[in-house]
Amino acid sequence: MPLPLIYHDDYSPDFPADHRFPMDKFRLLRDHLVDSGLTRDEDLLRPQLCPPEILALAHDRDYIERYMSGELSREDQRRLGLPWNEALARRTVRAVGGSILAAEKALEHGLACHLAGGTHHAHYDYPAGFCIFNDLAIISHYLLQSGRVNRVLIFDCDVHQGDGTARILHDTPEAITVSLHCEKNFPARKAESDWDIPLPNGMGDADYLRVVDDALNYLLPLYQPDLVLYDAGVDVHKDDALGYLQLTDAGVAARDESVMRHCLGRDIPVVGVIGGGYSKDRQALARRHGILHHSAQRVWQSSGCH
Numbered sequence: 000m001p002l003p004l005i006y007h008d009d010y011s012p013d014f015p016a017d018h019r020f021p022m023d024k025f026r027l028l029r030d031h032l033v034d035s036g037l038t039r040d041e042d043l044l045r046p047q048l049c050p051p052e053i054l055a056l057a058h059d060r061d062y063i064e065r066y067m068s069g070e071l072s073r074e075d076q077r078r079l080g081l082p083w084n085e086a087l088a089r090r091t092v093r094a095v096g097g098s099i100l101a102a103e104k105a106l107e108h109g110l111a112c113h114l115a116g117g118t119h120h121a122h123y124d125y126p127a128g129f130c131i132f133n134d135l136a137i138i139s140h141y142l143l144q145s146g147r148v149n150r151v152l153i154f155d156c157d158v159h160q161g162d163g164t165a166r167i168l169h170d171t172p173e174a175i176t177v178s179l180h181c182e183k184n185f186p187a188r189k190a191e192s193d194w195d196i197p198l199p200n201g202m203g204d205a206d207y208l209r210v211v212d213d214a215l216n217y218l219l220p221l222y223q224p225d226l227v228l229y230d231a232g233v234d235v236h237k238d239d240a241l242g243y244l245q246l247t248d249a250g251v252a253a254r255d256e257s258v259m260r261h262c263l264g265r266d267i268p269v270v271g272v273i274g275g276g277y278s279k280d281r282q283a284l285a286r287r288h289g290i291l292h293h294s295a296q297r298v299w300q301s302s303g304c305h
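Letter by letter, the sequence shown follows residues 0 to 305 in numbering that gives the first Met the number 0.
These are calculated hints, taken from the structure and not from any lab test.
Every residue gets a Cβ at the ideal spot worked out from N, C-alpha and C, and that includes glycine.
One or more of the hints may lead you astray.
[Claimed, not checked] Pair by pair, the computed Cβ-Cβ distance ranges are:
no.	residue 1	residue 2	range
1	GLN76	SER35	22 to 30 Å
2	ALA240	ALA86	34 to 42 Å
3	GLY69	GLN300	38 to 46 Å
4	GLN76	ARG297	22 to 30 Å
5	ARG60	PRO1	33 to 41 Å
[What the hints assert, rightly or not] Within a straight-line C-alpha distance of at most 20 Å, the following computed DMTMM-like cross-link-like pairs (lysine to aspartate or glutamate) qualify:
no.	residue 1	residue 2
6	LYS237	ASP42
7	LYS279	ASP248
8	LYS183	ASP170
9	LYS237	ASP266
10	LYS279	ASP75
11	LYS237	ASP206
12	LYS279	ASP23
13	LYS279	GLU256
14	LYS183	ASP238
15	LYS279	ASP124
16	LYS279	ASP212
17	LYS183	ASP204
18	LYS189	ASP280
19	LYS237	GLU182
20	LYS237	ASP280
21	LYS237	ASP225
22	LYS237	ASP204
23	LYS189	ASP124
24	LYS189	ASP204
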């Protein structure tokens, strides 16, 4: 069977072309994966909308209703940095549904990847940094409370700290939050993850990959999670607009393969979400995000998951 990949046409609603957030990157990522022969559009798995009661496992119900009805305060809109419309609201809950579906497919087959997800700046009752609902925290609560897993480890390699995830899951010891991030970058006020690994500006491939290896060699045997949620942000790339690290395409590919092989080598299912990535060159950005899925395909073919 093909590697499970999750996508929906709702992911790139009409959006101001000059906006800092590259909303069309999800559609362009799908196009890139199809054009490069990795998948066919009809083989992509289409998620349902995430129901409000599942969103409420990690978020305040009043906040969910305020967002879905377009009634966020001006302060929350400023924190979020995205305009509101019904298509964007639908996209938001569809993408959380996509991350949940990806996690379920990973538990079933060992590995799965989303063509979106990784909204780690969303907090319990307010949005931040282009993130509205925190799919990593929602998946964690959903799978833990349903008894599908006893322990989940979030390995967040986005260049920005996963502050929302750390705060929402602070009192959930069965969800281990790990954040490898550029120290001098957004958010200015960091949260406290279970494991924060701050990195210096300008770090390149070799040093970065050593940190990833060391972290996984230590943490996976220590916690023995039933699932790893991997936030494969490409804003660590040297050409990213918001990054400050110096990874190349090859470095990103090596990172992604390393994370997946570490997990699967220990029989731990792993799900990849794309996290952050910012560039005015949207085609280049889509190809950069696609490194995750191409890396996953190589691991899938050699690991005998399925």
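Okay, the hints, checked on the actual structure:
Checking the proposed 22 to 30 Å range against GLN76 and SER35 shows it is violated: the Cβ atoms sit about 37 Å from each other. Restraint check, ALA240 to ALA86: a C-beta distance of roughly 25 Å breaks the suggested window 34 to 42 Å. A beta carbon spacing of about 45 Å between GLY69 and GLN300 agrees with the range 38 to 46 Å that was offered as a hint. Under the hint 22 to 30 Å, the C-beta atoms of GLN76 and ARG297, about 41 Å apart, miss the expected range.
Evaluation of the 33 to 41 Å hint for ARG60 and PRO1 yields a pass: the beta carbon distance comes to about 38 Å. About 32 Å separates the Cα atoms of LYS237 and ASP42, which puts this hinted pair outside 20 Å; it is violated. Between the alpha carbons of LYS279 and ASP248 the distance comes to roughly 17 Å, so the proposed pair stays at or under 20 Å and holds. Taking the CA atoms of LYS183 and ASP170, the gap is near 26 Å; set against the 20 Å cutoff, the hint is violated.
Between LYS237 and ASP266 the alpha-carbon distance is near 32 Å, which puts this suggested pair outside the 20 Å criterion. The straight-line distance between the Cα atoms of LYS279 and ASP75 is roughly 25 Å, outside the 20 Å bound, and the hint therefore fails. Of the pairs offered as hints, the one joining LYS237 and ASP206 holds, with about 14 Å between alpha carbons and a cut-off of 20 Å not exceeded. Straight-line distance between C-alpha atoms of LYS279 and ASP23 comes to about 11 Å, which keeps the hinted pair within the 20 Å bound.
At most 20 Å may separate the alpha-carbon atoms for a hinted pair to count; LYS279 and GLU256 exceed this at roughly 27 Å. Among the hinted pairs, LYS183 with ASP238 is consistent with the structure: their alpha-carbon atoms are about 17 Å apart, no more than 20 Å. Of the supplied pair hints, the one linking LYS279 and ASP124 is violated, its CA atoms being roughly 31 Å apart against a limit of 20 Å. For the hint linking LYS279 to ASP212, the alpha-carbon distance of about 31 Å lies beyond 20 Å, and the restraint is violated.
Straight-line distance between C-alpha atoms of LYS183 and ASP204 comes to about 18 Å, which keeps the hinted pair within the 20 Å bound. Distance restraint check for LYS189 and ASP280: the Cα-Cα separation of roughly 29 Å exceeds the 20 Å cut-off, and the hinted pair is therefore not satisfied. Between LYS237 and GLU182, the direct Cα distance comes to roughly 16 Å. Compliance with the 20 Å bound is thereby established for this hinted pair. Under the criterion of a C-alpha separation no larger than 20 Å, the hint pairing LYS237 with ASP280 is consistent with the structure, at around 14 Å.
Restraint check for LYS237 and ASP225: the C-alpha separation of about 33 Å exceeds 20 Å, so the hint is violated. A C-alpha spacing of about 10 Å is found between LYS237 and ASP204, which places the hinted pair at or below 20 Å, so the restraint holds. Distance check on the hinted pair: LYS189 and ASP124 sit about 17 Å apart at the alpha-carbon level, within 20 Å; holds. Between the alpha carbons of LYS189 and ASP204 the distance comes to roughly 24 Å, so the proposed pair goes past 20 Å and is violated.
Comparing the model with each numbered hint stated earlier shows that hints 1, 2, 4, 6, 8, 9, 10, 13, 15, 16, 18, 21 and 24 do not hold.
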